[in-house]
Every structure is written in C-alpha cells, then in structure tokens.
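**Q** Listed here are the chains, written in short residue letters.
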Amino acid sequence: MAGGGSFVPEHRELTVFVDTDFIELDGVEKVFDVRRKVGRLRRARRQVRAVDGISFRVPRGEMVGYIGPNGAGKSTTIKMLTGILTPSGGRLRVAGIDPARERTRLARRIGVVFGQRTTLWWDLPLRDSYRLVHRMYRIPDARFRENLERCVDLLDLGELLEVPVRQLSLGQRMRGDIAAALLHDPEVLYLDEPTIGLDVISKAKVRDFLRDLNAERGTTVLLTTHDLTDIEQLCKRVMVIDHGRLMYDGPLGGLHEVGESERTLVVDLDRELPPIAADGARVVRVEGPRQWLAFPAARSAAPLVARIAAQYPLVDLSVREPDIETVIAKMYAEKRGRA
Amino acid sequence: MGEGLRAYGLIAAMWVRSTMTYRFSFAMTLLSNFSATAFDFVVILLMFGQVEGLGGFSFAEVAFLYGTAGTAFGLADLALGQVGRLGKRVRDGTLDTLLVRPVPVLAQVAADRFALRRLGRVTQGLVVLVWSLFLIDVAWTPARVVLVPVMVLGGGLIFSAVMVAGAAFQFFAQDAAEVTNSFTYGGNTLLQYPPSIFAADMVRGVVYVVPLAFVNWVPALYVLGRDTPAGLPGWAAFASPAVAVVCCAAAGLAWRVGVRSYRSTGS
Ligand SMILES: Nc1ncnc2c1ncn2[C@@H]1O[C@H](COP(=O)(O)OP(=O)(O)O)[C@@H](O)[C@H]1O
Ligand SMILES: [Mg+2]
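Sequence lines, in order, name chains X and A.
Sequential numbering from 57 applies to the first sequence in my numbering.
Sequential numbering from 478 applies to the second sequence in my numbering.
Looking at chain A on its own, in the form it has when it is part of the complex (with noise of 0.2 angstroms):
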C-alpha cells in the first residue's frame, strides 16, 4: 500500500512535471475542463427557471446534491480518472510491461497520464458546493457540519472503489469501458437530483447494489432535515465511511482476481 502511493507519487510528479512545460496550453485545457462540467449545472439553473421546485427540492437544495457529488466524483475522476483505459492495455498485451516494474500495477495504471486538468471538475463542484451552503435553509448541528466534508471524501472514495472495480471488470470483459462509465459518470448525474424523482426501484438499487447512494444522497438527506431514502434508518447518514471501507476492500479483491486472471496476448 505505501509502496503503491509512492510510486503513485513518482509516476503523476512527472507527468505533472512535464505538462507544466506547456503552461499556456495546461491553463487552456484546465479551462475547458471547468467549463465543459459547468455546463451540467447550467442546465439546472434553466431547469429551475421554469419550475420552482424539482422533486420537492428547492433550488438551494440540489445545488447542494449537485455540489457533493461532483466535488467526490471530481477528486476520484482526478486520482483514477485513467484507470477506465485498462480494457485496452488486457487487449494489446501492454499491460506485460508495467508487470515487470517493482510497484504495484494498480498504481501505475491509476498514475499514467494522470492530469492535472482534471481539478477543473473537482472546482466546479466545489464552487457551487460553497455556493450552495450559503443558500441553503439548515439548522446547522456540529452534527451537520461534519457530515459536509465527511461526504465529499467517503464519496471520493466510494466512487475511486466503482472505478476500479469497473477497471477490474475489464480484465474478463475488454470492451467494458462503456459499462463502467455508467456506473461512475451516470452514477455522478444521478446523485446530482433528488432521489425523490427516480423510481423506488432505482433508489434502492443504488443504496443496496452499488451503494453509491452513500456517495451524497443519505448523509446529504439528513444535513438537509429529510428523510432517509428507501427506508434506511436514520443513523445510516453516518455510515458513508463505513460503506467507503468496504467498498475499497471489494474492488481491491476484485482487482487482485482481475490481475491474476491476466492471460497478455500472442504475438
């Protein structure tokens, strides 16, 4: 594990290193990153220009869902947004070459390429997070406002889990990278609305299959005084990190099957 960060260390400093080279070109796309992902809370913003509320949910209230969803989902998409391309490296045979390295392959995979651009999604959320806490209507508790940061960072984690279990997947299923795109991109437009205007099937599914509802939506419930969904007791609201650990433990397993289950490729 703590070889595995260092090498992470090593492998995302030199690529950081060597975009800084081109600094115009690094602010542009860093930009474009932060535009590009504004562009799902501007139509949010249209959306309430029509409506006053979305699923009994005030404005206020889904820039605070939006804000906690894509702030975890930026910081896991910065760490291991690359790790999605594993399907190609089990395709070609490419993964033979980081096998021979002395660090763990998960690192390096999760490493390459990493981007520094990607902090323009991890702004965005956190901008509007900000933005959201002043208009919400709270009766803040320390309670409450623990469970702010809490959730940005077990969600990270819960979505860094679906990630590389997804990645995982790739090594049986090379042609995945789609499936698991919608489990973490479409698992991040989801968790941006209120559970309230899905179908209860669907909320359950994402609270007991792929428990991404503990990403935002149950602590976010109870910071915002509502409900918790499906049916959950209310301490569930606490159990973000909790859920985290196991959800990391689980797609560290799967990875390890995944690796072993490697076959490379023939010449």
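The following block holds chain X by itself, in its conformation from the complex (with noise of 0.2 angstroms):
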C-alpha cells in the first residue's frame, strides 16, 4: 500500500494489535469449605462462595478498580490472578496464561502489592530486598539501575534504603513494596488495598505514582480498595463487588447515577448562622458554625462552592466521598424497587 497522507492513521489502526482481552474471567467461582467449632467436639462444615461467578475483561494499559466492602471477595479474585489461588470453577487467564497452572511463569510478567503484608524480607534493609529482587527475576543491571532510581524518586525512598523492612511505617513500607513490585516491569500490577491505614501524604504520593506509571509506561493496573476516593483519582473504569458478584462494571460517575449516591460538602462559616440555602444541596446537619450539606455524587462540587463562598463567611471546606456502603446498598434497593 502506498502511504498517501490520508491513509497513515487507518494503517496504524491495523498494524497496532489492542490486546483487549489481557486479563479474562469468565463465571470464576471460589468455593471455601470452612469448618468451625460449635460445642465442644462437633464441627460444622459450611461452604462460602467468596468469589460467585464472576466475568470480565481488561484491555491491556486500562487502569481499573475492584471496590466494594469487606469480606467482598476482592482479595479472592486477586489470589486467583495470580495464581496463588485455584479457582473452583470457571475459566480465568492473564495475558493467555493460566495464573493456577504456570504460576511460576506468569509472576515474571506480573506485579503484586497486598495492603496487608509485606512481599519484601522483612528483617532485610530495603536495598537487599531489591538487590534480591534485582537476581531472582533476572532484571538487566542498567534496567534494574534505572527503574529503582526512578522509585527512589518518585516515592521518596532514598532515606529508607538502608533501613531494615520491620522498621519502617505502615506508609514508607507500602511506597517500598510498590517499587519492589516494579523493578522488573511488569505488564500488569495488581494491588489490594494499597491505601489502607497511610497517612494523607503517603496516599497522595502513592495515587500519583499510579497514575504516572499507568500514563507513561502503560502498565495495566487493576486496584481493589473500599476508598472510593482512590478510585475517584485513579480509575476510569470501576467495578463493583458484593458478596462475590460483580455488582456494577463502567465508569465511577455511572455508578453515583445507578446509586443516586450523594457527596457531603463540610463548610466551616465564621460564626453560627442558620442553615445554608442553596440550589441542587440540602443541609443534613448544623453543628454550631459548622454544616453540612448533601448534593448528587455525579454533579461536580465547584459551582456549589462558588455560590456558598460569594454569599457567607466561609472558613474552611471539605468534601467526603460517599462510602462504598452505603453506594452497595443504594444499589441493591434500587435493583428491588425495580424488580
């Protein structure tokens, strides 16, 4: 073909393979057997279906959360992702690997950060952690070099390095195991509940660094969190899980629409003043110079400011995420109201 002006976006359009289907499940189920205690030498066996039949897809490069509450099923799914989990049934593959079968093979293209607990060697410094790291996954010297000193940067780790794992913070710990999850360059990193328990900083540090790294080296990243905040700065697309069901999966402002959840502006005035009178926000509290008014998640918090700001003495505000329980059980009485 020649390359007429015209043609070149159409035959980039061709060459350029979009990998859509990076990361597949279809109907993956989890199935527990536990056993418990009741009385003294009986035990009753019970089935939790932690993860129900879930499907989805993830194009390579996307950045996607996995919110919903506690004992959700998130940390299930990613288990099963990266192999560290069986499922019970379904189909699940990353990158055309089953994650259950080759394991081994796959955690050299993938990232994994677990809120929890640390993959690094907790009575180690950092450095060795990295330098252990730097052999295990065979990373070339002058890669290894570069990425680690871009996550030095980015995370502000320099002073840490020679500190051992067991004494760093819960938020210096977190920065550290999101670079040593991405020294060798994964394809797709996987991080479960990366923001629980950081301080205001650390949160801000590590959302940007996502972020940058989602935009520059087009990493494919997928977040399970219940601060919808995270989401909120981070992820386009956001699905929703409850009791091992995928409840919701499209953009966060469809999920304010399915929801009709509602965001809660805090003001601050100089002085007690009855309450605040404004369009499309109600005021659910007033607690001497303090308010607070409720407006719709989807619609943006600016021009309700403006319009506060030019009409009262305003101090300080903030605005709160709904959170992602009361977001689930909009859903569900909306989904009953329908039925």
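Honestly, I wouldn't trust all of these hints.
Derived, one-sided and incomplete: chain A residues facing chain X with beta-carbon distance under 8 angstroms [stated by the list, open to error]:
{"id": "1", "residue": "Ile488"}
{"id": "2", "residue": "Gln559"}
{"id": "3", "residue": "Asp573"}
{"id": "4", "residue": "Pro579"}
{"id": "5", "residue": "Val580"}
One side only, chain A facing chain X, incomplete, derived with CB under 8 angstroms [said to hold, decoys possible]:
{"id": "6", "residue": "Leu482"}
{"id": "7", "residue": "Ala484"}
{"id": "8", "residue": "Leu487"}
{"id": "9", "residue": "Thr571"}
{"id": "10", "residue": "Arg703"}
{"id": "11", "residue": "Arg740"}
{"id": "12", "residue": "Ser741"}
Quick caveat, the hints were computed from the structure, so don't treat them as lab data.
Virtual Cβ for every residue (Gly too), placed ideally from N, Cα, C.
Join these two chains into a complex; the hints should help.
**A** Below is the structure:
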C-alpha cells in the first residue's frame, strides 16, 4: 500500500494490536470449605462462596478499580489472578496464561502489592530486598538501576534504603513494596488495598505514582479498595463486587447515577448561621458554625462551593465521598425497587 | 530444579552476608550451637564411664554411629532447617507473598533466614566421626571406605526428604511441627544408638516405614562387620543412595500436593 498522507491513520489502526482481553474471567468461582467448631467436639462444615461467578475483561493498559465492602471477595479474586489460589470453577486467563497452572512463569510478568502484608524480606534493609529481586527476576543491570532510581525518586525512598523493613512505618513500607513490585517492568500490577491505613501524604504520593505509571509506561493496573477517593482520582472504570458477585462494571460517574449516591460538603463558617440555602444541595446537619450539605455525587462541587463562598463568610471546607457501603446499599434498594 | 537451586543460593547468600556484618555475634552463636549439640555426646561419654558396652556395641562403635547420624542430620538441618516453620506461614497466610515470585516456593522457604551457625552441628558430628574412625577396629576394604562418605551424604538426603515431607504435611495440619520434629530430631537421636537396644518393631518401622535406618544403621553395621538389622539382605548396606532418591521423589510429590492444596487465609 502506498502510504499517502490520508491513509496513515488507518494503516496504523490495522497494525497496532490492541490486546482487549489481557485479563479474562468467565464465570470464575471460588468456594471455601470452612470448618467451624460448634460446641465441644462437633464441627460444622459450611461453604463460603467467596467469588460467585464473575466475568469481565480488562484490556492492556487500562487502570481499573475493584471495589466492594469487607468480605466481598476482592482479595480472593486477586489471589486467583496471581495463581495463589486455584478457582473452583470458570475460566481465567492473564496474558493468555492460566495463573494457577503456570504460576511461576506468570510471576515474571506481573507485580503484586498486598496492603496487609509485605512481599519484602522483613529483617533485611530495603536495599537488600531490592538486590534480591534484581537477581531473582534476572533484571538486566542497566534496567534495574534505572527503575530503582525512578522509584526511589518518585516514591521518596532515598532515606529508607538502609532501614530494615520491620522498622518502616506502614506508609513507608507500602511505598517500598510498590517499588519492589515494579523493578522487573511487570505488564500488570495488582494492588490489594494499597492505601489502607496510610496517612494523607503517603496516600497522595502513592496515587500520583500509580497515575504516572499507567500513563507513561502503559502498565495495566487493577486496584482493590474500599476507599472511593482512590477510584475517583485514578480509575475511569470501576467494578463493584459484593457477596462474590459483580454488581456494576462501568465508569465511576455511572455508579453514582445507579446508586443515586450523594457527596457531602462540610462547610466551616466564621459564625453560627441558619442553614445555608443553595440550589441542588440540602443541609443535613448543623453543629455551631459547621454545616453539612449533601449534593448528588455525579455533579461537580465547584459551582456549589463558588455560590456559598459568594454569599456566606466561609472559613474552610472539605468534600467527603460517599462510602462504598452506602453506594452499594442504595444499589440494592434500586434493584429491588425495579423488580 | 536448577532455578530452585539458584534461587536458594541467592537468598542464602543474602542472609549470610547480613549475619556476617555482626562477626562477633555470629562467632558466639556458632560456638553455642556447637556446644549445645556436643552435650548429646557428653551423655554418651558419661554412660560409658559406667558400662563397658551398649547393646553389645563398644564405645568406638557407638561414636561411629553418633558421628555418621549427627553429620548427616547436621547437613540436612543446615540446608533445610527452616522448612519446619512452614505451618506458621500457612496459618497466617504469609506464604502468599512467596507464591507470587518467579522461583520455586520450596527454595524460598528453605533458604529463608539461612543460618551458617548451624554449621556448629555439622562440625561437631564430623569431629566425633573422624575420632571414631581412629578408634574402631575394622578391616578396611575399598567398599567399607567408600561407604562412609556415601552414608553421610545419602543420609543427609534422607533426612532432607523427611524434613520436606514433614513440612508438606503442615499444609494440612498447621500445628504438626512437633510431629515433624519427632521424626527428624527424634530420628537423629535414635540413630546415634545401636539398633540392638531398641524393640524389634521399632527397628522394623525405621527400616520399612520411615526408612531412616538407611541413614546410618544399615550401612554402618556393614562397615562394622555386623549383621544387617531387621533381616535385610547384605547388599542393603549399599542401598542408601537409592533409598535417598526414592525418598526425595516422594517428598517432592508430597510437597507439590501440599502447595496445590494451599488456600491462603481470609483477611
Ligand atoms: N482462605 C480462606 N478460607 C476461608 N474463607 C476465606 C478464605 N479467604 C477468604 N475467605 C472468605 O471469603 C470471603 C471473601 O473474602 P476476601 O476475598 O478476603 O474479601 P475482601 O478482600 O473483599 O474483603 C469472606 O467471607 C472470607 O471470610
Ligand atoms: Mg481483602
């Protein structure tokens, strides 16, 4: 084909292979047999359907939020995606690989960060952990140095490299863990509750870092959380899971519409005043000079803030996201209402 | 396998380097490891202060049994001493983090906190073994000479297999560390004494069920010019390497089954 100017875009579309099924789940299930003591000697067996028939696709390069309340099945899904657990049913592929079957081969291509436990060597300084990762994953020297430098710089690890992991704070350790998971240039990064228990500054650093990683390197990111702010700042697409089932899969804005959820604007005035009157928001609580206003989560807060600032003696304000439990509760109510 | 050994080497080397930064403290733990294990032998020395022989075995012969079992066990303990703590990792779910790395889990578990101080036990066993070689009254033939190192290395492998199988069992029973220890540490103590002082059923069990007898009893009795235990044929004295291979294969299989059954923990 002679590449005339107008043909170039079309030509490109044909040759760039878009990997739309990078992560594939079809009716994936995980059932745990739980034995529990009842009385002195008797034990009752019970089946927990931690993941109950989940199907979705994640294209290469996407950043997806996987949210749900505690016990929803988020961690179990991640463990199946990494090959730690074998699904009880359904089909699962990551980059064409069956994780449970070829766990070790897949491990070179993925990075994993667990919020609750570290993948670093507890008693070794951070630098030694990285050195081990370097050799274990056979990362080319130049590549390793480059990646480490970048992580140390962006995640602010410079001061921490000689500190044994057990002496790090939760936020420091989490940053150290994220770096360790990325030194071998994984194609996909799974993060299970990466911001749980972190202070505000660490949270912001982690979020910025992940956003850059996805934008600049095209790393596919799947992140579980029960903090909607994480999702709001990072992911265009969100999946909501509850009781092992996928409740919603789509853009975050759509979630707010489905759930009709509301955000809260907390306003501090310089003195006690009667409830603020503003279009599209209602005052839900007043406590001295502080007032709480609820407004639809799908709408931007900026016009509302501007209006209040113009009419009231404003001292300070903050926006609170709806918590995931409320969103899901409303989602259920909605479904039942329609049925 | 090659990948596993390489990973083992990497992790073990890292731990050695990190303990060597405190040389004095390392020397102290090595010494205490040496003397703690030597205490076992002191018991035997004291015993022979009272009696002439033990189950028809002289002091030199018992020292030979002690040295071969102790060295074989010491080698296995040095290489795999950490696998006995697997139950804890299974119980608290920290095995998860090892499963996402591109190297075999067994190598990671075995090399974790690799401790050179465990050389103390090996050294102590070797000292007694070498000493006993000067004391025992044996008509050395080439076969007998070769059998001594073969028995120590094969025995090390058999002990290793028992340790791995015991660890694999902890996938199913996380509190079974004591059971595993009774086979390894207990087995070591058992093999330090002549089979003639134990009940026949016990000896048969150690020959046919958990074949620890092939660590040293069976080959050592041949070296000492005595009858093979539990009615085994004479050639059984040379069977230790074959038994070791079979044991390692069985342990490897058990380990695989264990890893596959791993179910992590809920948060
Ligand atoms: N290893 C396990 N054994 C038994 N039950 C488990 C195990 N892992 C998870 N569960 C159960 O499965 C459900 C989902 O757990 P999990 O995936 O950890 O939820 P989440 O990460 O969303 O909080 C919970 O009810 C949990 O108790
Ligand atoms: Mg979880």
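**Q** State for each hint whether it applies.
**A** Comparing the hints with the structure gives:
| no. | hint | result |
| --- | --- | --- |
| 1 | Ile488 | holds, 7 angstroms |
| 2 | Gln559 | violated, 13 angstroms |
| 3 | Asp573 | holds, 5 angstroms |
| 4 | Pro579 | holds, 4 angstroms |
| 5 | Val580 | holds, 6 angstroms |
| 6 | Leu482 | violated, 13 angstroms |
| 7 | Ala484 | holds, 6 angstroms |
| 8 | Leu487 | holds, 5 angstroms |
| 9 | Thr571 | holds, 6 angstroms |
| 10 | Arg703 | violated, 48 angstroms |
| 11 | Arg740 | holds, 7 angstroms |
| 12 | Ser741 | holds, 6 angstroms |
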